[in-house]
Each structure stands twice: as C-alpha cells, then as structure tokens.
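The numbering of the sequence shown is my numbering, which starts it at 3 and goes up by one.
Just so you know, these hints were derived from the structure itself, not from any lab.
Quick reminder that beta carbons are idealized off the backbone N, C-alpha and C, glycines included.
Taking lysine-lysine and the DSS-like style, the derived pairs with C-alpha atoms no more than 25 Å apart in a straight line are:
hint, residue 1, residue 2
1, Lys321, Lys397
2, Lys434, Lys397
3, Lys171, Lys225
4, Lys133, Lys92
5, Lys171, Lys257
6, Lys153, Lys390
7, Lys257, Lys225
8, Lys434, Lys359
9, Lys153, Lys397
10, Lys359, Lys397
11, Lys359, Lys153
12, Lys321, Lys359
13, Lys390, Lys434
14, Lys92, Lys126
15, Lys390, Lys359
Ranges between beta-carbon positions, derived for each pair:
hint, residue 1, residue 2, range
16, Asp61, Tyr29, 31 to 41 Å
17, Asp168, Ala313, 42 to 52 Å
18, Arg375, Gly422, 21 to 31 Å
19, Ile111, Asp239, 43 to 53 Å
20, Gln342, Asp239, 40 to 50 Å
21, Thr320, Ala81, 40 to 50 Å
22, Gly425, Gly138, 13 to 23 Å
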Amino acid sequence: MPLPTAIGSRARAGELIEVEGRRPASYEIFDIRNNTRRSEPLERVNEIRGRIAAWRAADYPGATAVTRRLLEHWNDRTARLYPFYFCQIKAIETLIWWVEGSPEFRQGIFLPGDGGPWERLCSKMATGTGKTLVMGMIVVWQVANALTYPKRKDFSQAMRPTLAVDWSKVPALTLDPAATPVVAEIAPALGGAADLGKITRIDLELLPEEFRLQRLVFRAAQKAFEQTEGRFKGQRDFLAMQLIRLVETFLACDKLDIPSLFHQDEARRRILIALNLDGIVQHLMRHVEEQNRERLEPVFDEEMPLGSTRAMHTWYTTKTCHRTQKSQISHMLADSAWEQHAANLMEMDARVLAFAKNDHLGFQVFYLWNGVRRRYLPDFLIRLVNGKTLVLEIKGEDSEQNHAKRAALDAWVSGVNARGGFGIWCADVAFKPREMADILARHAA
Numbered sequence: 003m004p005l006p007t008a009i010g011s012r013a014r015a016g017e018l019i020e021v022e023g024r025r026p027a028s029y030e031i032f033d034i035r036n037n038t039r040r041s042e043p044l045e046r047v048n049e050i051r052g053r054i055a056a057w058r059a060a061d062y063p064g065a066t067a068v069t070r071r072l073l074e075h076w077n078d079r080t081a082r083l084y085p086f087y088f089c090q091i092k093a094i095e096t097l098i099w100w101v102e103g104s105p106e107f108r109q110g111i112f113l114p115g116d117g118g119p120w121e122r123l124c125s126k127m128a129t130g131t132g133k134t135l136v137m138g139m140i141v142v143w144q145v146a147n148a149l150t151y152p153k154r155k156d157f158s159q160a161m162r163p164t165l166a167v168d169w170s171k172v173p174a175l176t177l178d179p180a181a182t183p184v185v186a187e188i189a190p191a192l193g194g195a196a197d198l199g200k201i202t203r204i205d206l207e208l209l210p211e212e213f214r215l216q217r218l219v220f221r222a223a224q225k226a227f228e229q230t231e232g233r234f235k236g237q238r239d240f241l242a243m244q245l246i247r248l249v250e251t252f253l254a255c256d257k258l259d260i261p262s263l264f265h266q267d268e269a270r271r272r273i274l275i276a277l278n279l280d281g282i283v284q285h286l287m288r289h290v291e292e293q294n295r296e297r298l299e300p301v302f303d304e305e306m307p308l309g310s311t312r313a314m315h316t317w318y319t320t321k322t323c324h325r326t327q328k329s330q331i332s333h334m335l336a337d338s339a340w341e342q343h344a345a346n347l348m349e350m351d352a353r354v355l356a357f358a359k360n361d362h363l364g365f366q367v368f369y370l371w372n373g374v375r376r377r378y379l380p381d382f383l384i385r386l387v388n389g390k391t392l393v394l395e396i397k398g399e400d401s402e403q404n405h406a407k408r409a410a411l412d413a414w415v416s417g418v419n420a421r422g423g424f425g426i427w428c429a430d431v432a433f434k435p436r437e438m439a440d441i442l443a444r445h446a447a
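Hey, can you work out the whole structure from these sequences and the hints?
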C-alpha cells in the first residue's frame, strides 16, 4: 500500500512544504505567552511503526492462517467499492502485531498497564477516520479465529412435532409456460383510456435479482407459514425452518414438471416458479403432515452455554510447547510425538482452516462406564474449509471403555446437529498416524 504524502517540514516560519513518506508521530506545544511553538516526537510510537513495518515485510510471522487471509483481504484495494483508509489498516495491523506477532518483533517494547487483571489495548484514532469500522474489523478478527462449541451437561429424550412429506405419494405438478406470461406491456392512462402510443414493454427475464432461488424459497415458505397458522403445533421458528427445508426439497426434486426444453434454462425456470408460487405452495401443503418424533435434546450449561478458544486462560507448564499458526491459542503442548505429527499435518493441510488442542479448553463429553459417570476429553477440535467442525481422537490402542467414549461422542454430535445453530459437527478416531490425512480428506469432501 502506498504511503501517504505528508506535510512534514517547515521551510520558513508559518510555511509548510510537502515531504515524501509518512509523517513521524509527534505533538505540538503552543506557548501563547511567548508566542512560540515546538514539536515533541512520540519516540515509542515511531519505534512501534518501525517494528510493524519490519513484521509486515517479513510476511507477518506469528499470525494465524485466518488472520493472514484477513490482512490480505483488507489490503486488497479491489475487494471493496470503497477501500479502507490508510489509518484503518494501520490501526488493525498494530493490534494484530501486538497480540499475534512473533516475539522477536516485539522485543524491548513495553506498554505500561493499569494494573488490572485484564490487558486492555487502546488505539487512538482521529475524528472522522472510521473508528466504528475498525471496531468491526476487530470483531471479525476475533470471531473468525475462534473455535466455538456448545457446552452441555447432558441429553434428554424429547418428543418434538415435525413436519413430514411422503414424497412417494406427491404427484408431479406441471408448470405450463404457455399459460404463464413472462412479458407485460403497460401504458399511461389519459382520460380513462390507455395511451397506446406510449406502451412500455417489461421483460421479466431482465429482472434476475427478483427471481433468485433463495428469495423464491423464502417467499414460498412465508406463504406456507401463513397457511399453517394454527394448524400445526410447535415453535414458530422451528416450523419456519422446516417449511424452508420442505420447499427446497420440492423445488429440487422431480415432482416439478416443466414440459419445455427452452424453459429448462435456470433463469427462465425460476421465473416460472415465481409466477406460479401460490399454486406450488398449495400443491405442497396438501401433502404436509405433522409427526411426533423422538430426538435427543441437549441440556446446556446455564452459566456458559457456549465455549470458545477466546476464553482460554494463560496456564504454565515446564514441558516443551510449540507455537501454532492455525490456532487462536498461541502454543500447543504435545503429549506425544503422534500428537505433534498431527499438529504439523494440520498446519500444512489446506483443508484445515483452524484447529485447537483440547488442553485446558473445557470441551468434554460425559459417558457412563461401569455405572459411573465419567468425563471424556477428545484430543483436537478442527475447523475444515467446508465449514464442518471435526472432533478428532488419537488412539494407539482400542478398548471397551474407548468404545463407550466414542458412543457418547457420536450421541453428542447427533444431538448437536439435530438441535441446529452450531454448524455441522462430525467425529472420527485415528488409530495410526497414516490415517490422519484420509480422515481430513473424508470429512472435508
């Protein structure tokens, strides 16, 4: 990014000249009694700027893979209609440098605190430089780097009203393009009669934004929801979510017949669906039934229902720790050479977006063994590029107790996925180091 041309030096009293480069950080002191003015440099700020420049030139050593991608995106001036201001980039870059930068780029820099238990960083920005946007960048930086997980105490068996369709009994619905107008003509009225000399032709094919598939699905689900008011039991949000799923399934299956090759084009097909939306909803809702299904309902921790790597506290050990790149937790303690091999593989594998060793993290699954309730702590939480979160266990040997652990973990994954709201979760176990790459490939597909 080009540095701004700064107003830096004075040629004569009261006169400014332009100097190439960035203006050093300083402040001015005005003495109104003697009518004098002097500039005092901010040495620490200028030193930090130099350290950050060196850190940037070295390609941000110490930053996580997610942070690197964010910095690349924020510095790409073609990625946004209005690129970020120079000062906004420098503000977020400074905060990231202090939190994630390699120690050699921060050596000798001391920032005095207020003595409180939490470190609080203050970033000074002038009025009108876009502080609110920088706050948003900070939130994105923290959330994108965090691995979150639901903290639950147990599962309970619950009966939940569910909407279902027996698709084998649903007849096909034919949309006849000949009976669906896709072109309209409008004209202004003069004295009660249309002025045919000023006809305007409207071709619906020229309005693709109005016929996006997701928009059509939501509109159809809304119409279906209005028709089901008072007809089905259950929570409104759960009912709406099910209707969206049913509409998506119907539009994607072979129950919708369009007898025209010309209208098999995706844009024309969506126009036909939009213009026949009421008929589609009525046809589908005639075959929707309510069923009571038994399912596992997670019982969450009342005090902290959501765990996160952001909540990791500092802890101390005399064992050797290794720095991480793809984890929000700065260091990882490997309890075995196999665990270190797994961490190295995840650091290099492009299918892994972020990971965390489940050490002092608080992620645990309860299981029963010999009539006693025990805690099971899987080894790794891994976020894959396809959005899934993989719970990975590394085992050299198997046993009946490990079977009980995995059964509890499978129930945990099924319950969390059925509950919704936490993304898609999966679980696996590696009994040999060579199985690691296959496991990542299987769940990232």
